[in-house]
Amino acid sequence: MIQVVAPLLFTVLLFVLWEAVCRIFKLPLTILPAPSEVFGSLWQFRVPIYDNALVTLWTTIAGFLIATVFGLLLGIFVGWHRTVYSALYPVMVGFNSIPKVAVVPVLILWFGLGEVPAIITAFLISFFPIVVNVATGLATTEPELEDVLRALGASRLDVMRKVGIPRSMPYFFGSLKVAITLAFVGAVVSETVGANKGLGKLMLDAQSAFQVSIVFAGLLVLAVLGIVLYAITALIEKRFTRWAFRGQHR
Amino acid sequence: MSALVSLQSVSMVYGRGADAVRAIEDVTLDIAKGEFIAVVGPSGCGKSSLMKLISGLHLPSEGRLTIEGRPVTGPLKSVGMAFQNSNLLPWRNAINNVLLPLEIVQPHRSRIRSERAQYRAQALKLLESVGLAGFAEKHPWELSGGMQQRASICRALIHEPEILMLDEPFGALDAFTREELWCTLRDIQQQRKVTVMLVTHDLREAVFLADTVYVMSNRPGRIVMRREVGLPRPRDLEVTYTPEFQSIVHDLRACIGGRH
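Chains as they are written, first to last, in our numbering: chain A, 1 to 250; chain B, 1 to 260.
Just so you know, the hints here were simulated from the structure itself, not pulled from any lab data. This structure is a prediction, so every number in the text was calculated from the model and none was measured. One thing to keep in mind: the hints can contain errors.
Said to hold, decoys possible - Derived lysine-lysine pairs resembling DSS-like cross-links, with alpha carbons at most 25 Å apart:
#  : chain 1 : residue 1 : chain 2 : residue 2
1  : B       : Lys33     : B       : Lys52
2  : B       : Lys138    : A       : Lys238
3  : B       : Lys33     : B       : Lys193
4  : B       : Lys77     : B       : Lys193
5  : B       : Lys125    : B       : Lys138
6  : A       : Lys162    : B       : Lys125
7  : B       : Lys138    : A       : Lys162
8  : A       : Lys238    : A       : Lys162
9  : B       : Lys125    : B       : Lys77
10 : A       : Lys238    : A       : Lys177
11 : B       : Lys77     : B       : Lys33
12 : B       : Lys33     : A       : Lys162
13 : A       : Lys162    : B       : Lys193
14 : B       : Lys125    : B       : Lys193
15 : B       : Lys52     : B       : Lys77
Bound conformation, chain A alone:
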């Protein structure tokens, strides 16, 4: 009970505080609109916000799913052998260090304005944590367990299938929580740089028209969607790797 009530209470408190600050200091609408304003705009522009949110949601999930499949495969490949690990790791870290905002114009150049650059950005930004986690899970397999299986004549593939991959699953599902939020960030960033639809685009347009309360309404929707996506992946994680959560109530 307290686990549901406490975060709700805190969120409400935050909004009340925000409202109070806006009213006491009489902040202009173009600087920081009060929550009442924001919710007002949210209701007023619910149709375009909903339409654009759907686009963002779909590009996020598409990018995330590609990242999941690709990240899992690359992670297994990287974790397969120490040599592959050390050969690929620096390149991947380098690639991950490139701000993805800088890549978006190139993607737009290649694929035009639309959903594709957003999907690719979401993918690019979110696959890295998945790869690292899966590879780490594989690399930390107990050597004794490997001995047990190898002494039975198990091939490298057998050891991977029976031990390495199941063992790295908690790492994998854990990384999905990080990846989904990153994918979301990637999709919105891409839309902000250039797109014809999506919440990022909507917020950009609203900003240039000084409709700041719509910008905040967009932010609010982003936050809520982020929480929902995170919760879904967290649920999937718990479901599939129950053994790793054994300390907690099952």
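Once you have looked at the hints, place chain B on chain A.
The following block gives chain B in isolation, referenced to the frame of chain A:
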């Protein structure tokens, strides 16, 4: 009794060149079929290396190692292993952990899908024989340390290996549980006539269980003493309090040396 495993002047080196570590030097020993041997010695004396050698995970650098008369060239499927850490897979329950080797070793590997029920019955029987009858569906974290170790030994035995290799299997257990497991292991060995190689720090454990005890020296490991335990079988825990038992333990202890 014919020699199942035979080592003649076997040495083993880890690494190459200047970094090379000599783990085992000039070891000669025979293990007869059905014999229970124990290898004791100080930490880091290469006892575990000896195990890797005999299981075929490492090849000897010098000397000759044969099993059933044939030189060892790679991992032997006829070996079962258990370690100090039970190494059970946490996502599998006890019985599925026990079944793991059958998913690897032929001919079981290709049969296990179609004849799962039969194999399960076999695993259940094995679990029963070590006193885990009601725990087959439990996951490792629901088992005590001693139970985990019992399950781990079952896993090492399920494919009916020629040789059972145990690397300090009871090292992490409390004294009472350990003695209980000694008796379990004693009974298993008696029923199955399996050849056992037990690596241990515990001299009482070695003398209680083994037919022959080998003492290894500090690195590089050499065999400094071979002692046959003449105590009649079946042995009862009571035997550990007899003067004969004590005197063998005492001899072994003297041989290992170190400061007192």
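Okay, the hints, checked on the actual structure:
no.: 1; hint: Lys33/B / Lys52/B; verdict: holds (19 Å)
no.: 2; hint: Lys138/B / Lys238/A; verdict: holds (19 Å)
no.: 3; hint: Lys33/B / Lys193/B; verdict: holds (8 Å)
no.: 4; hint: Lys77/B / Lys193/B; verdict: holds (18 Å)
no.: 5; hint: Lys125/B / Lys138/B; verdict: holds (16 Å)
no.: 6; hint: Lys162/A / Lys125/B; verdict: holds (24 Å)
no.: 7; hint: Lys138/B / Lys162/A; verdict: holds (19 Å)
no.: 8; hint: Lys238/A / Lys162/A; verdict: holds (21 Å)
no.: 9; hint: Lys125/B / Lys77/B; verdict: holds (22 Å)
no.: 10; hint: Lys238/A / Lys177/A; verdict: holds (11 Å)
no.: 11; hint: Lys77/B / Lys33/B; verdict: holds (16 Å)
no.: 12; hint: Lys33/B / Lys162/A; verdict: violated (32 Å)
no.: 13; hint: Lys162/A / Lys193/B; verdict: violated (30 Å)
no.: 14; hint: Lys125/B / Lys193/B; verdict: holds (17 Å)
no.: 15; hint: Lys52/B / Lys77/B; verdict: holds (13 Å)
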